[in-house]
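Residue numbers (our numbering), protein chains in the order written: chain G, 44 to 835; chain Z, 4 to 162; chain C, 76 to 358.
Mixed in with the good hints, there may be bad ones.
[As the list claims (entries may be wrong)] Quick partial rundown of chain G residues pointing at chain C, CB under 10 Å, derived from the structure:
id, residue
1, Ala90
2, Ala177
3, Asn227
4, Asn333
5, Ala759
6, Leu762
7, Pro764
8, Ala766
9, Glu768
[Claimed, not checked] Here are the simulated DSS-like pairs of lysine-lysine, each with C-alpha atoms no more than 25 Å apart in a straight line:
id, chain 1, residue 1, chain 2, residue 2
10, G, Lys358, G, Lys348
11, G, Lys723, Z, Lys98
12, Z, Lys98, G, Lys577
Worth flagging that the hints you see were computed from the coordinates, not collected in a lab.
We treat Cβ as the ideally placed atom computed from N, Cα and C, and that holds for glycine.
The residues making up each chain are set out below.
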Amino acid sequence: MTGPTHIFDQPNAYIGRSVERPDAQRLVQGRGQYVDDLQLPRMVHAAFVRSPYAHAKITDIDTRAAEQAPGIIAVFRGSDFEDYVTPYVGTLTHLQGLRSPPQMPLAVDAVRWQGEPVVMVVAQNRALAEDACALVEIEFEPLEAVCDAETALEPNTPIIHSAYDNNRAWERLVDAGDVDTEFNRGDVTVVDHVFYFARHTGVTLEARASVVEFNPSDNTLIYHYSGQAPHMMQAILSKILSLPEENIRIIARDVGGSFGIKIHLYGDDLATAVAARILNRPVKYVADRNESFVSDIHARDHRVKGRMAVTSDGKITALEIDDLTGIGPYSMYPRSSGIECNQVLNLTGAPYAIDNYRAKGTIVFQNKNMMCQYRAVGHPIAMAVADGLLESAAHEIGMDVVEIRRRNLFKDNSYPTSSAAGMKFDDLSHQQALEKLVEFMDYDSLRKDQEAARQRGVYRGIGLVSMVEVTNPSPMFYGIGGAPISAQDGATVRLDASGALHVSSSITEQGQGTNTIIAQVAAGVFGVNIDRVKVTTGDTATTPYGGGTWASRGAGIGGEAVLLAANALKEQVLDVAGTILQCARESLSIDNGVVIDAQTGAERISLGELGRLVYYRGNELPSDVSPELVATRHYRVTDFPFVFTNGAMAAHVEVDQDTGFVKILDFWAVEDCGRVINPKLVDEQIRGGVVQGIGGAFYEECVYSEDGQMLNASMADYLVPMAAEMPDIHIAHIETPTKTSVLGAKGAGEAGTGGAPAALLNAVNDALRPLNASIYQMPMTPQRILKALGAV
Amino acid sequence: MSQSCDISLRVNGETVRERVPVRLNLVDFLRNSLGLTGSHVGCEHGVCGACTMEVDGTMVRGCLMLAVQADGSDITTIEGFGEHQRAVDLQAAFKRNNALQCGFCTPGMMASALEYIEAGGVADRSAIREHLSGNYCRCTGYQSIVDAVVEVIGERAAK
Amino acid sequence: MKAADFAYEKPDNLNAALELLAREDCDMQVLAGGQSLMPMMNFRLAQPELLVDLNGVSELSFIEEQPETITIGAMTRYANLAASDVIKEHVPLFQMALPHIAHSAVRNRGTIGGSTALADPAAEMPALLLALEATITVVSVGGAREIPANDFFLGLYETALQDGEIIKSIAIKKAKPQNRFGFYELARRHGDYAMAGVAIASTSIDPVCDLRIALFSVSDKAHRLPHAELAFEGENLDDTEARDAAFQELDDFDFRGDLNADGDTKRHLARVVLTRALETMMP
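Work the whole structure out from these sequences, hints included.
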């Protein structure tokens, strides 16, 4: 696609500049507006009684004492909601065969994970609601819990859903080329490892929060939402609550972190909406931290058996993986819990030209909290498996890990092309990214330092990853599967009488800087100072219809819609200006809030003056002129299922062989996310992503007992990366704009989280190699490393 | 029967008199009774640091103090740091360095950063990282926060 | 997570506090710095009927220098200890350990008495007091008694404190020039509870005289290693036989695992922290 490229080089083209975020000033002054900050007249507060068991029948619920407790407004059980809620099923038709039973907001007859909400208490304040929760008596008949995905399909394992004949939720096989023949060739080296990725979770610092208002006089519902996809929420609440979609308004103001956690329908949030409807007054529910750990979706928890065959000159001839994951008792609504496994199958080995690829994925039900899509869905697994095998193979054949990548990465002049799993690629730069990384990190010197350190008994390791990242998804991601999830986004750009620009967009802000990027694109394309651009996002009543923010699509898709709308408005304004100035519109342009002569740059009329003429003194315009100072455009990706980005990363670590502690000495990331709209925002997006990747590699794990109790459901026990242990992270860019849009921007939000674990795994194994130890399990805790070393 | 107490304190320079249930913690009191929602509640067990605020000259966790314990105290929250000129340079440095994304940790992070700076902390990145290691940030990766603190220390030293 | 309801008293002097503590008609908790009790109350793991807040008892907050000892009031906060020149000069082991104890905002509230009374097996303070052979003065309406640290920590969150008693002060012998101290802990993140840690004090090291080794975060409580201490007596810190005796004692020690380390890992790491702490003490 080609377009008005002048937007990238005119003086007030903000694209490519590290513009400060205008909305940051509110946040540094403590004037953010998060859902829990909201206090509405007659608002009441919800708390939930949750299941203490991973699997049990509910035989009796006695709420009488709770109903009598001070300040209690209402106590609800699951059955109380049956008249208000249409059960919902978290499957997508394009994940053929994926099955999951219908869900309700509260458990009705049985509980299937520890933490499942059973009874809702609504009271004058949260403390009183919790007091009454303690008075609710529920009789459970404990059942054997299915916790281990490895044994979930064995014949003597109990079946969680009696409607099914076993605990299988889904399976998929990808089989390209002739894998068996290649593995059985006598002249290849085969490496195989079993990789374990722990369950972890997003731990948004602002917990999930909902304030729901219902107005019975006009049957409208307002949902104050801490989340990423307002229009999706509107559609699914309409469906589940049987309310007209137009009567539901979703408002997302500031969102305190999301990372994919806040894009699903949770029973407690839905119950809050139902309670507001029944009680006809605003209801607030804010998850406490313990509730977050046992009910926010978890992710990862994959066991992957992988093997790779390489020739003596380093060519990968075959790759085979077998992925097993347990997703909890249901597939999450509405995005399903099948996507992560599907991504693992799609993405493993995707940077490399591999003809023979077989991947099997199996998803089972289990009695643990539900799993679903969290930042970099599937990527850290796919990248760690492929690049873990690749670096292992390199050492087996005695080849440098950079050299083996050079020989297998898709060539930069080979696009468009497809991977063995059928992923379509264009505009990627794997080879260039690798070379830039090698230079950026001074790879050769680092290897010399590593050797010198080993002589001193200090074990340092260098690990790399070459990666792809799914961004800018088309309708092939969710819409095709029947979910009310839009892959297109819209933007409306409006010129007001004063010459200010208002932009409303269907993408949303969770701190990435979405609103800033929208303003940058609009100001630059249209031709005003960015201070004169006001942005509205996160409100279904005032923004065009669209998907919101997920899968690193905000800048690439939402930004393009803004570009198209701003450009359309510019044309409309120039039409009007041409009429007013009685000259050819082609001779005019807009710069810094003024209509100018395109040739000479001479100022002709300010936008403020033009606005005043149009809006106040229409009598001065010819009667056949109908100025339209607002434009809306929508955009979706059409030619590809996703627009992939690529990158290369490296980690430098030091392993203390006595303690199993790993110090991350340095980390480098080279990212090609197409056109960089705001370097500072992109860099920090990547750094934050890397740190979440470091979390997955070294710290984060939802630890469960054998009977399905989460043992570390507090911030003191579930470890996330903190400042002291994190390295400074060096970022460099390659800019290969995607041809699917004028803007040329791809996403960058998943890269760090998706790639860092692989680089870190490789680095640790590189450090351990002279000690004849290896580890393929994350997080790589001190204890696991000591065990790998045989020290304990 | 719930016990309540009358308390009198100064919050961001204003005198406040309220009657509070004894079990109400300080951050909930500031947020819900006074509408000072700048201090955030991230964990309620003293780990995340989002409710860090100044009480009588020292930074504390607002979730680990009762409102009734603040009787007679002088409290400054993020709202006060900004509006009373004490952290204008730090706010500017946070913006300039993009040291915040979602903003939820920012009030507590800035309180801890201010504590370090005002105590005469040096522009040593690992010392700054250690000092800030009781404040959880899930968005930034911390580096830009350290950058912002280093800059402010330099600016104040130059004055 | 909001605390369950309770009654609240904030006495403004020690006698008034002790009178309250003598009540037997209710389930009571003493609130010191609140950095452990408040989280437990917020989780509703602790639900006292009466909360007695000692933060108004100013006579419990002091650091006092006597000819032979330093006496520290129970309500003295970690931050006060860290800032005290008296502590810097006379209790160097505290100076070594304090930066590892949680984070600044927690040290600004947490108290020495609170941590000692709680006796969390993972906390540093009990081990420091064991290594320093501190004397803990406890009081009740019935009077005061002095308990050596060795007799104070009885088990998991269990101390020699009896109903109605609180810690009044902790007395530590002033360090002499020939004294040596060591401290080492392994925490996965700065400020976290350690996977294993050790505090060591020695009257002298050339040769070793009166070595005291206290391990923490490895078992039900902080523990001295009496056999190891004895083995080093009269030897040098790098004496391999003494070290082997110490390791032998660790082989027989009752390590208890947690989420970060099972018992075997604790045993291994206990060897490491002991070795490294001793190394820091060598001339």
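Contradicted hints - numbers only: 3
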